[in-house]
Amino acid sequence: MVLDIKYKELIDTAKSSGVSDLQVREQNNVLYIDGNAPSGNVKDELWNIYNKIDPDFRAGDLVLNVNVAVTTGSKAKVITESSNLNIRKGPGTDQAIVGKGAHNEMVTILNKTNDQWVLIKTDKNVEGYVYTQYLELT
Amino acid sequence: MIQIKAKSFLYGFLLLSTVQFAECKSKPKESDTSGQSTRIDSSATTNTPSAPVEIAPDDALQTGLRDATKDYPDVKAEANNGEVTLTGSITRDRLPNLMQSVNSLHPKKIINNLTVK
Numbered sequence: 001m002v003l004d005i006k007y008k009e010l011i012d013t014a015k016s017s018g019v020s021d022l023q024v025r026e027q028n029n030v031l032y033i034d035g036n037a038p039s040g041n042v043k044d045e046l047w048n049i050y051n052k053i054d055p056d057f058r059a060g061d062l063v064l065n066v067n068v069a070v071t072t073g074s075k076a077k078v079i080t081e082s083s084n085l086n087i088r089k090g091p092g093t094d095q096a097i098v099g100k101g102a103h104n105e106m107v108t109i110l111n112k113t114n115d116q117w118v119l120i121k122t123d124k125n126v127e128g129y130v131y132t133q134y135l136e137l138t
Numbered sequence: 001m002i003q004i005k006a007k008s009f010l011y012g013f014l015l016l017s018t019v020q021f022a023e024c025k026s027k028p029k030e031s032d033t034s035g036q037s038t039r040i041d042s043s044a045t046t047n048t049p050s051a052p053v054e055i056a057p058d059d060a061l062q063t064g065l066r067d068a069t070k071d072y073p074d075v076k077a078e079a080n081n082g083e084v085t086l087t088g089s090i091t092r093d094r095l096p097n098l099m100q101s102v103n104s105l106h107p108k109k110i111i112n113n114l115t116v117k
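These protein sequence lines map, in sequence, to chains A and B.
Heads up: the first sequence is residues 1 to 138, going by the working numbering.
Heads up: the second sequence is residues 1 to 117, going by the working numbering.
So that you can see chain B by itself, here it is in the shape it has in the complex (with noise of 0.2 Å):
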């Protein structure tokens, strides 16, 4: 009697785990539904011109860089299909300069490596 009472009482608990793992695992399916649907409202609203950004060709942004990087010695400056990749070493105070610089080239992204000192 104590072995059934024990069984039941086994399944009964392995009955209630799944029921309460099965609402665990639809809750966030709801919430990714509704998160959908804000993101579908909030793109409906934002005021976003079509025109696609302008990216400059790897040799215009090479002869940029040259120009923008020639003051900062420890600077190297890549360019591959529109990226930027900044290597090297540069001071704190001289870094939004420089970065100013690079971003008004029309690069399609800037990855900065530098060793900020």
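Here chain A stands alone, though its shape is the one from the complex (with noise of 0.2 Å):
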């Protein structure tokens, strides 16, 4: 167990910040955090001690996999960079689009598929599947 003393200081911020089902494994001299963070602060708190640790994550020995838990019936934003995000029929960009959401649009979460696809409804009740990553989840 080297690499937990490599990265330390992500697994201890981690626990001390309330991630939820925190588990830190070591295998075949990679390292896996998995866990839910209590908000996307917390995440990218995580990831910046990540880049710190591992300047642009070059040494392939860390599988950093902790998502903001998703609430159903909660709101998120919409935080594409400029475009407007596709909603999609189906989980996965080979799926139809079947509405847009706006920049800085506010959505409500109704299932979460994966770590990488949620369902989502608009304001105006358009309602698909959309990459997590372009939502803020509060």
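Fair warning: there could be bad hints in the mix.
[To be verified] List of simulated lysine-lysine pairs, BS3-like, C-alpha gap at most 27 Å:
no.: 1; chain 1: A; residue 1: 77; chain 2: A; residue 2: 124
no.: 2; chain 1: B; residue 1: 70; chain 2: A; residue 2: 100
no.: 3; chain 1: A; residue 1: 121; chain 2: B; residue 2: 70
no.: 4; chain 1: A; residue 1: 124; chain 2: A; residue 2: 89
no.: 5; chain 1: A; residue 1: 112; chain 2: B; residue 2: 109
no.: 6; chain 1: B; residue 1: 70; chain 2: A; residue 2: 89
no.: 7; chain 1: A; residue 1: 8; chain 2: A; residue 2: 52
no.: 8; chain 1: B; residue 1: 109; chain 2: A; residue 2: 8
no.: 9; chain 1: A; residue 1: 52; chain 2: B; residue 2: 109
no.: 10; chain 1: A; residue 1: 112; chain 2: A; residue 2: 89
no.: 11; chain 1: B; residue 1: 109; chain 2: A; residue 2: 6
no.: 12; chain 1: A; residue 1: 112; chain 2: A; residue 2: 15
no.: 13; chain 1: B; residue 1: 117; chain 2: A; residue 2: 52
no.: 14; chain 1: A; residue 1: 77; chain 2: A; residue 2: 112
no.: 15; chain 1: B; residue 1: 108; chain 2: A; residue 2: 8
no.: 16; chain 1: A; residue 1: 89; chain 2: A; residue 2: 77
no.: 17; chain 1: B; residue 1: 109; chain 2: A; residue 2: 15
no.: 18; chain 1: B; residue 1: 108; chain 2: A; residue 2: 52
no.: 19; chain 1: A; residue 1: 15; chain 2: B; residue 2: 108
no.: 20; chain 1: A; residue 1: 89; chain 2: A; residue 2: 100
no.: 21; chain 1: A; residue 1: 100; chain 2: A; residue 2: 124
no.: 22; chain 1: B; residue 1: 70; chain 2: A; residue 2: 77
no.: 23; chain 1: A; residue 1: 112; chain 2: B; residue 2: 70
no.: 24; chain 1: A; residue 1: 112; chain 2: B; residue 2: 108
no.: 25; chain 1: A; residue 1: 112; chain 2: A; residue 2: 75
no.: 26; chain 1: B; residue 1: 117; chain 2: B; residue 2: 70
no.: 27; chain 1: B; residue 1: 76; chain 2: B; residue 2: 109
no.: 28; chain 1: A; residue 1: 89; chain 2: A; residue 2: 121
no.: 29; chain 1: A; residue 1: 6; chain 2: B; residue 2: 108
no.: 30; chain 1: B; residue 1: 76; chain 2: A; residue 2: 52
no.: 31; chain 1: B; residue 1: 70; chain 2: A; residue 2: 75
no.: 32; chain 1: B; residue 1: 117; chain 2: B; residue 2: 76
no.: 33; chain 1: A; residue 1: 89; chain 2: B; residue 2: 76
In short, the hints are calculated from the structure, not lab data.
Work from the hints to combine the two standalone chains into their complex.
What follows is the structure, encoded as structure tokens:
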């Protein structure tokens, strides 16, 4: 267990900032950190620490899978860089686009499909799947 | 007489250096052993869950990578036995977002060969 020493600051911060279901495992010289972050800020903080310990994520010795817990019925903000967010028929970029979410628009979370895709509904009643990375979950 | 003195001095020097060499050799062995016992101690006290890490199959990784890299036209991603290799180029400000997506796909390992601009 050498990697848990290298990434000690990251593990300690995950523990102290309320990451739930936290698992830290080392397998074949790769450290796997899994868990649910209580907010997007905590997730960002963990990634900043990761980037500080291993600049530009070059070492290939950590898989950091800490995602923000999705609450059904909660609101989320569309945080695309500038363009509109594609709302799709199913969870995949090969699925048809059924609508668009405007930059900074608030949408309602209906269901989490996996760590990448969530089912949402807009205020104009457009329902479909969006890529979680482009939502700021609250 | 001078020759004998010189010879005995040489033998003495050789003997001394052999002893010193042997001492040097034995020291790392001791520290190796103590290092090993420390490692055993630390693993015994670490609270590590025994469940093995779940690694996604390559086809699931490929689908996930297609979605994750869709908005990064200069990035290429391949999955091979759970290992994801990223090639191409990206700007530094967008790298964390891409890495966050790739890290959530349950890969075995991520090899980042991207040129960061």
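Taking the hints in turn, this is what the structure says about them:
With a C-alpha separation of about 15 Å, the suggested pair residue 77 of chain A and residue 124 of chain A falls inside the 27 Å cut-off, and the hint holds. Proximity of residue 70 of chain B to residue 100 of chain A is assessed by CA-CA distance (about 16 Å); at most 27 Å being required, the pair is judged to hold. Between residue 121 of chain A and residue 70 of chain B, the direct Cα distance comes to roughly 23 Å. Compliance with the 27 Å bound is thereby established for this hinted pair. Proposed proximity of residue 124 of chain A and residue 89 of chain A is supported: the alpha carbons are some 16 Å apart, at most 27 Å.
Under the criterion of a C-alpha separation no larger than 27 Å, the hint pairing residue 112 of chain A with residue 109 of chain B is consistent with the structure, at around 25 Å. The suggested pairing of residue 70 of chain B with residue 89 of chain A holds, with an alpha-carbon distance near 17 Å, which does not exceed 27 Å. In summary, the hint linking residue 8 of chain A to residue 52 of chain A is supported, as the alpha carbons are separated by about 12 Å, within the 27 Å threshold. The straight-line distance between the Cα atoms of residue 109 of chain B and residue 8 of chain A is roughly 19 Å, inside the 27 Å bound, and the hint therefore holds.
Distance hint between residue 52 of chain A and residue 109 of chain B is fulfilled; the C-alpha atoms sit about 19 Å from each other, no more than 27 Å. With a CA separation close to 14 Å, the supplied pair residue 112 of chain A and residue 89 of chain A stays within the 27 Å bound. For the proposed pair residue 109 of chain B and residue 6 of chain A, the alpha carbon gap of about 17 Å is at most 27 Å, so the pair holds. A C-alpha spacing of about 24 Å is found between residue 112 of chain A and residue 15 of chain A, which places the hinted pair at or below 27 Å, so the restraint holds.
Of the pairs offered as hints, the one joining residue 117 of chain B and residue 52 of chain A holds, with about 18 Å between alpha carbons and a cut-off of 27 Å not exceeded. The hinted pair formed by residue 77 of chain A and residue 112 of chain A meets the criterion: a straight-line CA distance of about 16 Å does not exceed 27 Å. For the hint pairing residue 108 of chain B with residue 8 of chain A, the CA-to-CA distance comes to about 21 Å; that is within 27 Å, so the pair holds. Between residue 89 of chain A and residue 77 of chain A, the direct Cα distance comes to roughly 20 Å. Compliance with the 27 Å bound is thereby established for this hinted pair.
The straight-line distance between the Cα atoms of residue 109 of chain B and residue 15 of chain A is roughly 23 Å, inside the 27 Å bound, and the hint therefore holds. Our distance criterion of 27 Å between C-alpha atoms is met by residue 108 of chain B and residue 52 of chain A, whose separation comes to about 22 Å. Of the supplied pair hints, the one linking residue 15 of chain A and residue 108 of chain B holds, its CA atoms being roughly 23 Å apart against a limit of 27 Å. Restraint check for residue 89 of chain A and residue 100 of chain A: the C-alpha separation of about 12 Å stays at or below 27 Å, so the hint holds.
For the suggested pair residue 100 of chain A and residue 124 of chain A, the alpha carbons sit about 11 Å apart, so the restraint of at most 27 Å is met. Under the criterion of a C-alpha separation no larger than 27 Å, the hint pairing residue 70 of chain B with residue 77 of chain A is consistent with the structure, at around 21 Å. Pair hint residue 112 of chain A plus residue 70 of chain B holds up; C-alpha atoms about 20 Å apart against a cutoff of 27 Å. Between residue 112 of chain A and residue 108 of chain B the CA atoms are separated by roughly 23 Å; this keeps the pair inside 27 Å, and the hint holds.
Only pairs whose Cα atoms come within 27 Å are accepted, and residue 112 of chain A paired with residue 75 of chain A is accepted, the gap being roughly 13 Å. For the suggested pair residue 117 of chain B and residue 70 of chain B, the alpha carbons sit about 19 Å apart, so the restraint of at most 27 Å is met. Distance hint between residue 76 of chain B and residue 109 of chain B is fulfilled; the C-alpha atoms sit about 16 Å from each other, no more than 27 Å. With a CA separation close to 12 Å, the supplied pair residue 89 of chain A and residue 121 of chain A stays within the 27 Å bound.
Simply put, residue 6 of chain A and residue 108 of chain B have alpha-carbon atoms about 19 Å apart, close enough for the 27 Å limit, and the pair holds. With a C-alpha separation of about 25 Å, the suggested pairing of residue 76 of chain B with residue 52 of chain A holds against the 27 Å cut-off. Distance check on the hinted pair: residue 70 of chain B and residue 75 of chain A sit about 25 Å apart at the alpha-carbon level, within 27 Å; holds. In summary, the hint linking residue 117 of chain B to residue 76 of chain B is supported, as the alpha carbons are separated by about 15 Å, within the 27 Å threshold.
A threshold of 27 Å between alpha carbons decides the hint, and for residue 89 of chain A with residue 76 of chain B the separation of about 26 Å falls inside it, so the pair holds.
Consistency with the previously given hints is maintained throughout, with no hint failing.
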